[in-house]
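Q: Listed here are the chains, written in short residue letters.
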Amino acid sequence: MPKTPRMKVSDLANPNRFMRLSNWLIPLFAVIAVPLLAYGFYLGFQAPPERDQSYIFRIMFVHVPSAWLALGIYTMMTVAALGTLVWRHPLADVAQKAAAPFGAAFALICLVTGSIWGYPTWGTFWEWDGRLTSMLVLFLIYLGIISLWRAFDEPLAAAKAVAILTLVGFINIPIVKFSVDWWSGLHQKASVFRLDGPTMHPVYLYPLMTCALGFSFLFGAMLMVAMRTELARRRVRTLTIFVAQEAR
Amino acid sequence: MRLIAENLRCVRGGRELYDGLSFSAAAGEILLLTGPNGAGKTSLLRQIAGLLPLDGGALRLEGGEIADEAHFVGHAAAVKDALTVAENLAFWSTLYGRESLPLGAALERLRLQALENLPARVLSAGQKRRLALARLLTISRKLWLLDEPDAALDKEGRDTLLGILTEHRARGGIAVIASHGTLPLASASHVSLGNDADARAA
Amino acid sequence: MSRAIFAILKRDLALSFRAGGGAGIGVIFFLAVVMVVPFAIGPDQKLLSQIGPAILWSGALLASLLGLDRIFGADADDGSLDLLLLAPLPLEVIAFAKALAHWLATGLPLVLATPLLGLLLGVPLNTLGATALMLLIGTPAIAFLGLIGAALAATLPRAGMLIAVLIVPFTIPVLIFGTAATAAAISDASPFGTAFKFLCALLLFSFVIGPVAAAAALRIGRGT
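Chains as they are written, first to last, in my numbering: chain Z, 1 to 248; chain U, 1 to 202; chain F, 1 to 224.
Source of the hints: derived by calculation from the structure; they are not laboratory data.
One should not assume that every hint holds.
[Stated by the list, open to error] Once the Cα atoms are required to be at most 30 Å apart in a straight line, the calculated DSBU-like pairs of lysine-lysine come out as:
id : chain 1 : residue 1 : chain 2 : residue 2
1  : F       : 10        : U       : 142
2  : U       : 142       : U       : 155
3  : Z       : 177       : F       : 46
4  : Z       : 177       : Z       : 160
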């Protein structure tokens with residue numbers, strides 16, 4: 001009986017392998033995400049409001065992870081774009097196409113929760129300061145990427161164009177990160193990802209990181225589901241072309 | 001029912017394509033327009049359809065109005081890639097009314113029934129042409145105006161086209177067809193355009 | 001006849017929303033226009049909230065104009081326009097149905113996005129509703145007037161900006177009365193004053209003149 005060869009990382013490129021892997025990875029990620037989020041929210045509700053913040057501050061535990069995810073997903077998409085253009089990985093464009101709507105959704109959640117949080121404190125839903133604006137620009141870039149995907153009939157033709165667009169847009173990510181430092185405005189300065197280490201008190205930091213981790217696993221599960229859907233969609237497309245050709 | 005053309009004239013891009021063109025076609029007749037490219041076959045068809053104004057002469061249909069009784073299948077198939085085959089056909093049938101043959105039967109006659117729910121973008125050129133011809137079966141009109149209906153069709157497609165033309169003639173319909181002479185229609189009248197400067201109805 | 005009108009509506013809406021149809025791009029463009037203004041003016045919140053409704057109107061107008069070539073462009077390309085011209089339905093009715101479908105797919109989303117974009121500009125909350133309402137009346141007027149440009153340039157390739165340029169003069173009255181009605185809604189108690197009545201009149205006028213002129217333009221253009 002021939003030995004099954006050991007799996008290499010490059011085997012992940014095989015769509016069938018991916019389908020088999022994701023069969024157990026998706027429930028695993030979901031099972032990890034749910035208690036993480038539950039615990040994170042529980043800790044969040046325990047945390048006392050600081051100084052003059054009202055209780056609405058607890059929306060921070062959704063707002064900040066959403067921001068991190070919006071940036072992180074775009075970075076993942078950029079890596080996938082390199083995968084499409086440079087390494088010609090067959091799943092790269094599937095991953096990128098599947099990720100874009102989630103990135104846009106998290107960016108939108110970040111913007112909306114930020115507005116709700118800011119309103120009682122700032123008295124306005126919106127202010128054109130550096131961080132808010134660059135996050136809005138990121139949202140617009142996401143929408144542009146999604147539009148470009150939809151503009152093409154043939155997904156593989158779109159892949160290269162979208163990859164280039166994604167790479168060009170990556171410049172916005174460091175701008176968003178450092179915008180609070182470069183321009184002063186309403187938004188508070190960085191308190192977690194700093195060179196000196198986080199300045200945030202552990203009673204807020206722990207629920208924040210827990211929620212962030214939970215949301216990340218949630219995104220991972222949803223991404224794999226979306227990738228499977230996209231692969232199925234492409235398979236259906238190929239089949240319809242085949243049927244049309246067979247019918248002559 | 002009789003289509004009568006008297007002294008038709010057509011000027012396109014400053015060039016006179018034909019003048020003094022007269023012909024007629026009775027029920028059950030096929031009129032074949034022949035001639036080289038640019039001779040005016042498409043223009044003549046479009047004039048009859050009403051898409052191009054007459055630069056001279058008169059056209060009439062004895063026993064009806066051309067606008068009510070004619071259907072035009074032009075060079076372009078008028079097929080939307082994003083709609084399914086069935087949706088494409090259903091739209092024109094609804095718009096033109098007087099549905100004669102049910103959609104399924106029309107698609108079957110043109111051998112497209114297997115593709116009914118597929119998006120039209122996966123169709124080959126020949127299949128799209130057959131979809132355009134399927135309109136003729138679902139929209140019952142007496143006068144068919146066809147611009148190179150056999151373009152992109154294979155042998156089987158041409159046989160199907162000849163089949164529906166024969167059925168149309170048997171029902172008393174008239175057909176005016178622009179062709180490069182690839183359709184074996186022996187009992188058709190001819191109108192030659194182009195280098196035979198005067199029009200002859202054979 | 002109503003079956004045929006519904007068929008046109010259904011088809012054009014399906015074509016807009018399926019892949020390659022361009023639905024949603026108008027709203028994204030609207031967002032982009034609204035975002036660009038604060039970059040140009042500077043983040044002066046007080047100034048922005050004062051001119052906010054004007055920015056919304058300009059953005060909605062531009063987004064509406066640039067999509068007009070979709071109304072007849074695709075049909076001219078694939079031969080559908082010939083068949084529409086020959087259909088037993090009056091061409092004016094066909095043009096009306098296509099304009100309505102176009103507005104539902106591109107104009108209505110603009111109206112729905114207006115309150116959110118108004119928040120970005122700091123437009124006062126109680127006036128967001130009024131602005132959206134005025135745009136609800138103004139955007140179909142722009143679409144139906146734009147129908148004329150779309151018909152004139154139906155057979156021209158890549159006519160998007162050309163049509164916008166042709167139609168802008170005719171839409172200026174809509175812009176004038178629309179912004180006036182919005183301003184009236186903000187400052188006075190009642191938004192339903194003179195400007196609003198003129199705006200409604202323009203809408204009804206466009207319902208008639210748009211399809212009639214567009215049908216005439218299509219018939220004249222059929223010679224090509």
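Q: Work down the list of hints and note, for each, if the structure agrees.
A: The hints, checked one at a time:
Between the alpha carbons of residue 10 of chain F and residue 142 of chain U the distance comes to roughly 29 Å, so the proposed pair stays at or under 30 Å and holds. Annotation: proposed proximity of residue 142 of chain U to residue 155 of chain U holds, straight-line Cα distance about 26 Å (limit 30 Å). Under the criterion of a C-alpha separation no larger than 30 Å, the hint pairing residue 177 of chain Z with residue 46 of chain F is consistent with the structure, at around 27 Å. As the CA atoms of residue 177 of chain Z and residue 160 of chain Z are separated by approximately 27 Å, the hinted pair is consistent with the 30 Å bound.
Against the hints set out earlier in the document, no violation occurs for any number.
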